[in-house]
Amino acid sequence: MADRDALMEWVERVAMYLARDGVPPIAGRVLGWLMVCDPPEQSAGQISEAIGASRASLTSNLRLLSGIGFLSWRTRPGERTVYYRMADDAWSIVVRRQIAGVASFLDITREGLDLVGSRGDRAARIRQAHVTFEWMAKVFEDAPPLLPDAPDDEETA
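Residue numbers for the sequence shown follow this note's numbering, so the first one is 230 and each next one is one higher.
Check before you lean on any hint, since a few could be wrong.
Claimed, not checked - 25 angstroms max Cα-Cα, derived SDA-like pairs, lysine to any residue:
#  : residue 1 : residue 2
1  : K367      : R292
2  : K367      : I337
3  : K367      : G307
4  : K367      : E340
5  : K367      : L293
6  : K367      : L342
7  : K367      : G341
8  : K367      : L335
9  : K367      : R325
10 : K367      : G296
11 : K367      : F334
12 : K367      : T338
13 : K367      : E308
14 : K367      : W302
15 : K367      : R339
16 : K367      : V324
17 : K367      : R326
18 : K367      : R303
19 : K367      : A352
20 : K367      : D336
21 : K367      : R354
22 : K367      : R305
23 : K367      : Q357
24 : K367      : D343
25 : K367      : R356
26 : K367      : A353
27 : K367      : D250
28 : K367      : S301
29 : K367      : M315
30 : K367      : R314
31 : K367      : I355
32 : K367      : A319
33 : K367      : A332
34 : K367      : S347
35 : K367      : V323
By construction, these hints were calculated from the structure, which means they are not laboratory data.
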């Protein structure tokens, strides 16, 4: 089992990786923490303490991550506390949304080319985006289906 400092360094690496795509650092830390915490369900207080975030900023980031599909939450009978965990299919949901976004942007670039014509600097800038997104759509189309979840370490031991 990794020590706490090593885990928190890894959580920070997750946050900084996701920040490149515009994910707020606190949201990235939440995701990183929920990927490695034990137990896998954590209250906002537990998450706040673990990652050093204020409850106010944590609340808005938990809402953001839940809305995107990364987190699921539940309460326990007789308790008012909400417990958060990574959604079972969080990563596939996000990737599928990104793939759908590629297709949507292709439609937008087609419309842009229709609007400005096929010649000139404006068309060249739109065409650059169109060709890139067309390539990405082809890569996704040719990709194998997402793999099922890997078995837990305990199941493979």
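Hints, one by one, checked against the model:
no.: 1; hint: K367 / R292; verdict: violated (33 angstroms)
no.: 2; hint: K367 / I337; verdict: holds (17 angstroms)
no.: 3; hint: K367 / G307; verdict: violated (51 angstroms)
no.: 4; hint: K367 / E340; verdict: holds (19 angstroms)
no.: 5; hint: K367 / L293; verdict: violated (30 angstroms)
no.: 6; hint: K367 / L342; verdict: holds (20 angstroms)
no.: 7; hint: K367 / G341; verdict: holds (20 angstroms)
no.: 8; hint: K367 / L335; verdict: holds (12 angstroms)
no.: 9; hint: K367 / R325; verdict: holds (14 angstroms)
no.: 10; hint: K367 / G296; verdict: violated (28 angstroms)
no.: 11; hint: K367 / F334; verdict: holds (14 angstroms)
no.: 12; hint: K367 / T338; verdict: holds (16 angstroms)
no.: 13; hint: K367 / E308; verdict: violated (49 angstroms)
no.: 14; hint: K367 / W302; verdict: violated (35 angstroms)
no.: 15; hint: K367 / R339; verdict: holds (16 angstroms)
no.: 16; hint: K367 / V324; verdict: holds (15 angstroms)
no.: 17; hint: K367 / R326; verdict: holds (16 angstroms)
no.: 18; hint: K367 / R303; verdict: violated (39 angstroms)
no.: 19; hint: K367 / A352; verdict: holds (22 angstroms)
no.: 20; hint: K367 / D336; verdict: holds (14 angstroms)
no.: 21; hint: K367 / R354; verdict: holds (20 angstroms)
no.: 22; hint: K367 / R305; verdict: violated (45 angstroms)
no.: 23; hint: K367 / Q357; verdict: holds (16 angstroms)
no.: 24; hint: K367 / D343; verdict: holds (22 angstroms)
no.: 25; hint: K367 / R356; verdict: holds (16 angstroms)
no.: 26; hint: K367 / A353; verdict: holds (21 angstroms)
no.: 27; hint: K367 / D250; verdict: holds (22 angstroms)
no.: 28; hint: K367 / S301; verdict: violated (32 angstroms)
no.: 29; hint: K367 / M315; verdict: violated (30 angstroms)
no.: 30; hint: K367 / R314; verdict: violated (33 angstroms)
no.: 31; hint: K367 / I355; verdict: holds (18 angstroms)
no.: 32; hint: K367 / A319; verdict: holds (23 angstroms)
no.: 33; hint: K367 / A332; verdict: holds (10 angstroms)
no.: 34; hint: K367 / S347; verdict: holds (22 angstroms)
no.: 35; hint: K367 / V323; verdict: holds (18 angstroms)
Hint violations for this structure: numbers 1, 3, 5, 10, 13, 14, 18, 22, 28, 29 and 30, all remaining hints satisfied.
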